[in-house]
Each structure stands twice: as structure tokens, then as C-alpha cells.
Amino acid sequence: MRKIRYLDIADDLRARLHAGDFAAGRLPSEAELTTTYAASRVTVRKALEALRTEGLIAAQQGLGWFASGDPLRQRLGRLGTIEAQLAASGVTSERQVLELRTMVAPARVRDVLNVERVVRLLRLNLADGRPFALVTVWCPEDLGGSFTRAELTEHSFHDLLGVPLGHGVQTIAAALATARQAELLDVAAGSPVLVCRRTTYASDERAVLLATHVFPGALTEFSVDLPRSEASIAPSGIRLVE
Numbered sequence: 003m004r005k006i007r008y009l010d011i012a013d014d015l016r017a018r019l020h021a022g023d024f025a026a027g028r029l030p031s032e033a034e035l036t037t038t039y040a041a042s043r044v045t046v047r048k049a050l051e052a053l054r055t056e057g058l059i060a061a062q063q064g065l066g067w068f069a070s071g072d073p074l075r076q077r078l079g080r081l082g083t084i085e086a087q088l089a090a091s092g093v094t095s096e097r098q099v100l101e102l103r104t105m106v107a108p109a110r111v112r113d114v115l116n117v118e119r120v121v122r123l124l125r126l127n128l129a130d131g132r133p134f135a136l137v138t139v140w141c142p143e144d145l146g147g148s149f150t151r152a153e154l155t156e157h158s159f160h161d162l163l164g165v166p167l168g169h170g171v172q173t174i175a176a177a178l179a180t181a182r183q184a185e186l187l188d189v190a191a192g193s194p195v196l197v198c199r200r201t202t203y204a205s206d207e208r209a210v211l212l213a214t215h216v217f218p219g220a221l222t223e224f225s226v227d228l229p230r231s232e233a234s235i236a237p238s239g240i241r242l243v244e
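When we follow our numbering, the leftmost residue of the sequence shown carries the number 3, and every step to the right adds one.
Fair warning: there could be bad hints in the mix.
[Unchecked claim] Here are the computed distance ranges between Cβ atoms for each label pair:
#1 ASP23 x ASP161: 27 to 37 Å
#2 THR94 x ILE174: 22 to 32 Å
#3 VAL165 x ALA61: 45 to 55 Å
#4 ARG18 x MET105: 35 to 45 Å
#5 PHE224 x ALA61: 20 to 30 Å
#6 HIS169 x GLU34: 46 to 56 Å
#7 THR150 x GLY192: 29 to 39 Å
#8 HIS20 x THR104: 38 to 48 Å
In case anyone wonders, no lab produced these hints; they're calculated from the structure.
Virtual Cβ for every residue (Gly too), placed ideally from N, Cα, C.
Given the sequences, and given the hints that come with them, work out the whole structure.
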């Protein structure tokens, strides 16, 4: 293959970006691009920099080049499903149930839900066809033991539980993607993720759901409305993790 000038490479990459050719918005490595286009590393880098100047791509140190895009925003301070929040942003959501089984509750789950047997769901949420969240949900067997994979593909636990929901307690922390998480979310192992842990309570104060959501850090941001200005300008809810 003949050598292509950097503008030609940029034109081709631009067309491929618009066509959505790159899984999870991640471009091939610079080494792979030099082979694909039979061009020098300098020429490929110049093409990438041209696309970065246009705002089409961005680099993440140690991870490579990614298609630029506004992160998907979720609201804090209220209970809501991922699907509802994505729909509010004009994004098409999809669920993929990866695992569903009934089992003896692990110690930490038993301590929160106060039951001996639970249903465990492992689910992948897609946003416009792109992996957006890896979700693990624990539910008491007496509430969720009859749910099928088909039902949990079409509906959330919130929709199916049949009990009035009350409040929830949620924490969000930064972490690095494990090999398994990276594989399912189609990101590099060790890349930044946001881990959201939520306990949902029924109106009678019974804990009915324990969930962990893992989001690619580059795709997600959380927002919260502050009813009034406080004396401190620090973010609310911050605590030191020991």
C-alpha cells in the first residue's frame, strides 16, 4: 500500500469516525495505524493531531486515542433507572443479561439485605450500542426469585418488584477497571471507572436491592442540584476513605 499524506489519513479516519467504525469510540493504536496506512509514526501522529484540533478525537494518557463526545450525565439526589436517565438524554438504551442465578447470600450482601438467599443479576447496559454500565444487582429471593432473564432484559428490578420504593443510599468512587470489567465494557484494563454502590429501600424501610454499577470514567458524569449556596464551596457528601 502506498504511503498516504497525513491529510488523506485524517480524511479516512474522519469518515470512519462518522460511520461509527471504532468499537466504544476507541481508535487503533498509533502502531496499528502506521501499518494500516503504510505511513510513518510522525505522519500518523500529524493526522491524529489534525482531528484533535477539529474536536473529533482526544487522547487519554497511557490509553490511546478516543472519539470525542459529551459524557452521558446522570442526576444525583433521586432514585431512577439507567434507562430512564439515558432516555431523558435522547440516548437509546439496551440491556443484556449476562448472568442470573439464585444463591446463598454472601456475607456483605446478607448484612445489607438481611436475608439468607438472594437473586444475583449481572447485566450490561448499552447506550446507543456502546457499553455504558456493568451492573450487579442483589435482590431477596422472596421478591425476585420468580423473575426470568426475558423479564429482566425488558424491565428493571424497580419495575418488577411490586413494592412501593422509598429512599436509597448511594456512594460513588473512582477505581481502575479490572480485566473482567475492561473486557465487558470494552475499555483498557486499568482505565478509570466510576463505581456506584446503591442500596434501595422499600417504603417500609426494608432493604430490597443492593446494586453495584461500574461506568467507564470517560463516558460518565454525575450532576446534583444544590438548593442553596452553603458557606463551603466543597462538593457535598465528600468523605475520607480509610
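Now the hints, each set against the structure:
no.: 1; hint: ASP23 x ASP161: 27 to 37 Å; result: holds (35 Å)
no.: 2; hint: THR94 x ILE174: 22 to 32 Å; result: holds (24 Å)
no.: 3; hint: VAL165 x ALA61: 45 to 55 Å; result: holds (47 Å)
no.: 4; hint: ARG18 x MET105: 35 to 45 Å; result: holds (44 Å)
no.: 5; hint: PHE224 x ALA61: 20 to 30 Å; result: holds (24 Å)
no.: 6; hint: HIS169 x GLU34: 46 to 56 Å; result: holds (49 Å)
no.: 7; hint: THR150 x GLY192: 29 to 39 Å; result: holds (36 Å)
no.: 8; hint: HIS20 x THR104: 38 to 48 Å; result: holds (46 Å)
In terms of the numbered hints stated before, the structure departs from none.
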